[in-house]
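Take the given structure of chain W and dock chains G and C to it, following the hints.
One-letter residues, chain by chain:
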Amino acid sequence: MKELKLKTPVRYLINTVLIVVLWTLVTLFVAGAGLKGEYYRGILITIGINIILATSLNVVCGYLGQLPLGHAGFMAVGAYAGAIFMKSTPASQLLRAGNNAAVIPYIIIAVLISAVVAGLFGLLIGIPALRLKGDYLAIITLGFGEIIRVVLTNIDSVLGFKFTYGASGLARIPKFTSLNVIYIFTVICLFLIHVFMKSRHGRAVLSIRDNEIAAESVGINTTFYKTTAFVFSAMLAGVAGCLYAGYIGSLYPSTFKFMKSIEILVMVVLGGMGSMLGSVISAIVLTALPEILRSFSDYRMVAYSLALVLMMLFRPKGLMGTYDFSMGNTIENIVNKIRNGRGSKHE
Amino acid sequence: MTFSLLIAQLINGMQTGSVYALVALGYSMVYGIIKLLNFAHGDIIMVGAYMTYYAIASFALPPVLAIILAITVSTLLGVTVEKVAYTPLRSAPRLSLLITAIGVSFLLENGAQLLFGADQKSMDPLITGSVMLGQINVSYVAIVTILVSVVIMILLSFVVNKTKAGKAMRAVSEDMGAAQLMGISLNRTISMTFAIGSALAGIGSVLYLCAYTQASPTMGSMLGIKAFVAAVLGGIGSIPGAMIGGFTIGILEALVAAIGFSMWKDAAVFLVLIIVLLFKPTGFLGKKIQEKV
Amino acid sequence: MKKVLLFALVIAAFIAAPVFAGGSSEASSSAASGTITIAFIGNTTGDYAMYGVPVRNSVVMFFEQLNAAGGINGKQVKLLEYDDKADGTESINAYNLAKANGATAIIGSVLSGASIALSDVTYDDNMPQISASATNPKLTVMDPDDPKSEVKTNVFRSCFLDPFQGEKMAQYATSKYGAKTIAIFYENGSDYSEAIVQGVESQLAATGLKVVAKEAFATGDVDYKAQMTNIAAANPDVVLMPIYYGEAGRAITALRAAGCKAKIIGGDGFGSVKNYASAADLEGTIYMSGYAPGTPSVAKFEADYKANYNEEVPNMFAPLAWDASLIMAEALKAAEAKGLKAGSAEYKQAVIDAIKGMNAFPGITGSYTFNETNDPIKSVAIIKISNGAELFDEFF
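The listed protein sequences correspond, in order, to chains W, G and C.
Going by our numbering, the first residue of the first sequence is number 1, and it counts up by one from there.
Going by our numbering, the first residue of the second sequence is number 1, and it counts up by one from there.
Going by our numbering, the first residue of the third sequence is number 1, and it counts up by one from there.
Chain W with its partners taken away, still in its complex shape:
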C-alpha cells in the first residue's frame, strides 16, 4: 500500500488551520477567564516574548551549536530602538483614543527598526566573537552584553542630552503590545526560523554544528553562515525586545542584566537544544512556573532552581532532545499507521 505523503501546500494549510485554532482557543480562554482575564493576558504576552527570545537563541545555540551569553544585550538594543521610535510617533494618543488600527503601521515600522538595529549590533559583535569557540565565545558575548548595558546606563552623560534616560529609565512608551500583536509576531518569528532552517542556508548552519571542518571542506563558507545565523538570532531578539517595551511601557538598563541572558539560555537548554518545540514549551513552562508557585511565595525561587537542577540530572538532554514537532508528519504517521494496520488485517 502506498504511504501517505503530504505535499508542501497541504502542510502549510494544516499549520495555518492549527494557528487559527490556537488563536481562537487563546482568545476564548482569556475572554472566558472573566476577572482573571487580564492576569492571563499579561502572562500570555510574557510567554510570547519569551518564546521569541528562546527560539531565536535556539538558532545560535541549538542549530549553530555555539553558546552565546549576551542575548539580553540584543533584546535591550531592540527594546530601546523600538521604544525611542514609538515615543516619537503619535501612537500614544492614538492608543488612548482607542484607534488601534491606526497604530499598526507604526508597530510594523518599530519592529523592523528594532530588528535592523539589533541585527547591526549582532553583526558588529558576531564578526569578532565568532572567531572564538565554545566557552570563550560564551564569555566574550557575555562581555558584549554587559558593555551594552553599561553603555545604555551611561550614554546620556556622554552625549549630554536625553537619549536613553540612563538608570532613571525610558518611560511613557506607548503600550502597543496587545495579545493579538504578540500572537502574530510570535507566529511570524517561528515561521521565519522554520523557513530559514529548512532552506539551503539552514542546512549549511546545521552542518557547521555537526562538524565544522567537514562543512568547510565541502565548500561551505562557515564564517558567512555563522555570522548569518548570529545576526538572524540577534534580529529576532530585537523584535522580542521591541514587543517587551510595548508591553511594559518603561525600560531600565538593569532589566537586561547578564541574568536575563541566562534565563533565556535555561529555556533553550531545558527544552532541548535544537528543538523549536522544546524552546516553545519550556518558554511556556518556565514563564508560567513562577506564577504557579506564587502561593509558595518565599520558597518559589528555591523551588524553581531546584526544579532546574533535578530536570538536568534526570533529563540532561532537555525536555524534547532534538525532536521537532511537525503537524504534517504526525498526520502522515497516524494515517500510515492506521492504513498499515488495516492493510495487514486484510491480508
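Read the hints as simulated data drawn from the structure, not as lab findings.
Even glycine gets a Cβ: it sits at the ideal position worked out from N, Cα and C.
Fair warning: there could be bad hints in the mix.
Unchecked claim - In silico lysine-lysine, DSSO-like type, Cα no more than 30 angstroms apart, as pairs:
#, chain 1, residue 1, chain 2, residue 2
1, W, Lys257, G, Lys35
2, G, Lys83, W, Lys133
3, C, Lys75, W, Lys175
4, G, Lys83, W, Lys317
5, G, Lys167, W, Lys133
6, C, Lys306, C, Lys333
7, C, Lys75, C, Lys261
8, W, Lys257, G, Lys280
9, G, Lys167, G, Lys280
10, W, Lys133, G, Lys35
11, G, Lys167, G, Lys35
12, C, Lys180, C, Lys378
Unchecked claim - Over the 12 angstroms line for every Cβ pair with chain W, so calculated as not near, a few chain G residues:
#, residue
13, Leu6
14, Phe59
15, Pro62
16, Val64
17, Val84
18, Val148
19, Val160
20, Lys164
21, Ala179
22, Val232
What the hints assert, rightly or not - Listed next, with one range per pair, are the computed distances between beta-carbon atoms:
#, chain 1, residue 1, chain 2, residue 2, range
23, W, Thr222, G, Val131, 50 to 60 angstroms
24, G, Leu278, C, Ser386, 25 to 35 angstroms
25, G, Leu278, C, Lys176, 48 to 58 angstroms
Same frame as chain W, now just chains G and C:
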C-alpha cells in the same frame, strides 16, 4: 594624578586583584579538569563569608577558628555539589552541565536568602589600621591580602607540580581516558580539584570580608564572573595566569575608577577581555588548543 | 509517540487551567463581600529583598493589628501579598492577579522601577496606590521634565522626594559644620542617588560650597578603595554620601581606611548604617531621615516590630510602610463611611479623594499633607551616630 596617588591606586588594585586571583584559581582548576564553567563557585565564597560572619559576630569564636570553619565548610560544600550535581552528568552534553551549575548557583543564592535573610550582614573589620609609607597610606588589610594570596599561589604551584596528587590532576586534565588507564582514580582526582578550588574560595571569602566587611546572598555572582574573566584573561588552567589575570583586572578597575570613570569599570574589564581574546584566543598564558581533524 | 502525548498533555493542562482557576476566582470575589480586599505588591525575594521584606512586614503587621481591633467599619481587611522580584513585568502580573481577586487598593511597590511600571497600569484603572519607598518623581508624574505634565492622580507616596533632601544636606554642611569644601560620593545608575546629587548641586551657589571631589560607583559594585583614595587626597571638609546603608557602611570603612577624617553626611538611605560599619569609623556621622527613631511616636511601632519579627527595625522603609498602611486604612475608612461598595469605581475615587484631602494627618514618621504632585510635605529628622547608636538629634 600625582605619583604617590598612582602608587596608592596600584596597591588598591592589587588588593582587589588578589581576591579575584584566589577565586579565579578555583575556576581555572575546575575548568582545566572537566571543562565546566562552574557558576556555583562564586556562591561558595558567599557561603564561606556567611560562615565567617556567624562564627565571629554570633558565636564570638576567635578569628582563626572562624577562618578554619569557613574553609572547611566551603570545601565540603564544593565537594558535595560536585558529587551530587556534577558527577552524574559527566557524560552528558557540556551545556547540560553548565545549566546544572547555573541551577546550583541559583539554589545556593535563594537558599542563602531564605536561611540568612536578604539583608547584608556586616561585621567589624578583622584587621584595622594603616601605615604611612612615605606619602602613601597603606592599610594593613591590603598588605595581608596581597601577601596571603601570593603565598597561596606559590604553595599551590608546588602542590600541582611536585606532589603525586598534583600530577594526577595534570594528567586528568591532559587526557581523562589515558589517565584512568594509568591507574589514576578519576573520581578522587576530580573531587580533589573541587576540594582545593573550594578551599581557595573559602580563603578568598575571608579576605573579601576583611576588605568589604559585608556578606549578602548575591555577593558571589558578580565576583564570580569577574574572577572567571580573570581566569580566562590569564589563560585558563594556568596558576600564574590566574594571578596575572586577577591583578590585571584589579589594577584596571582601580585605575579606571581613579580617573573618574567608575561607572565604566565593568565595561572596561570586558573590553580588555575581548581585545585580549581576539589577539590571544587562549589568554596570556593559556595553552594553544590543537584542533583534531 | 510518547512525546506527542506529553505535548498534548501540556497543551491540555494549559487550556484546562482557567477552568479551575476561573472557578476559584469567582469563589474568592463572592467571599469578599464582608471584607475589604487590598493588595501589597513588593519584592520579597531577589537582589533587593532587604528593602521589600521590611515593607511587607510592616504592612502585614499593621493590618493584623487593625483586624484584631475590629477592622474598618466592622469589616475585616483581607491583605493579599504578591512578590514582584523588583521586576516591572512581575508587578503588572501581580497587579492583574490582585485585581482579579478583588483588590480595591494597592500598597506598593517598593523600588522605583517596579513601582512606576505598576503606577502606569493602576492609573489606567484609577486604582488607589501608595508606595512607601519609591522616591522617583516619575511615580506620580508622567514626565517630570515637563512642568505641565499629567499627574497620576491615583498614586501617592509616604516618603519624601530625592532632590529635597539633597538641598537639606548642602544647607546642613554650611550652617552646622561651617564647611567650605565638600566631596560627593554617589551611586551611578541609581536615580535615587543622582537626584539627591542634583539637589546638592542646586544649592552650591547659595551656600558657597566648593565640590573638590565627585566620585561614583556603579550599582552592584563593592570596591570603593580607588574612589576613596581620591577623596582622601582632595581633603574635603565634609563628605556627602547620598547612598544606601549597606554601601554606605562599606564606603565609610573604605574612606577611613584611606586615611580621610572628614565629617560625613548621609541621606535617608543611611538608616541602620550602624550595623554596617564599626562604631569608631562611624562616630559623628549624621544623616537626613524620614523618621526619628527612638522618639515617642515610633516607640510602639519599634517594640511591636521587634516582638513580631524578632529583629530591630532594619531601615526607614518599615515605619514609612506603616504610615503608607495607616494612610490607606484612613482613606478606606472614609470610603466605607460613604457606604460605597468595595471595588467599585466610586469607592476607588473616594479612597483617592480621602488621601488627597488629608491635612497634617499624623503618621508615626511625621504629619502628612500631599502637594499637587501627590508628594508628602514633611520635615527632615537629623540622626547622629555616636558610640555605635543612631540617635535623633533635631528636626532641620
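Output the indices of the hints that this structure fails to meet, ascending. 3, 7, 17, 22 and 24
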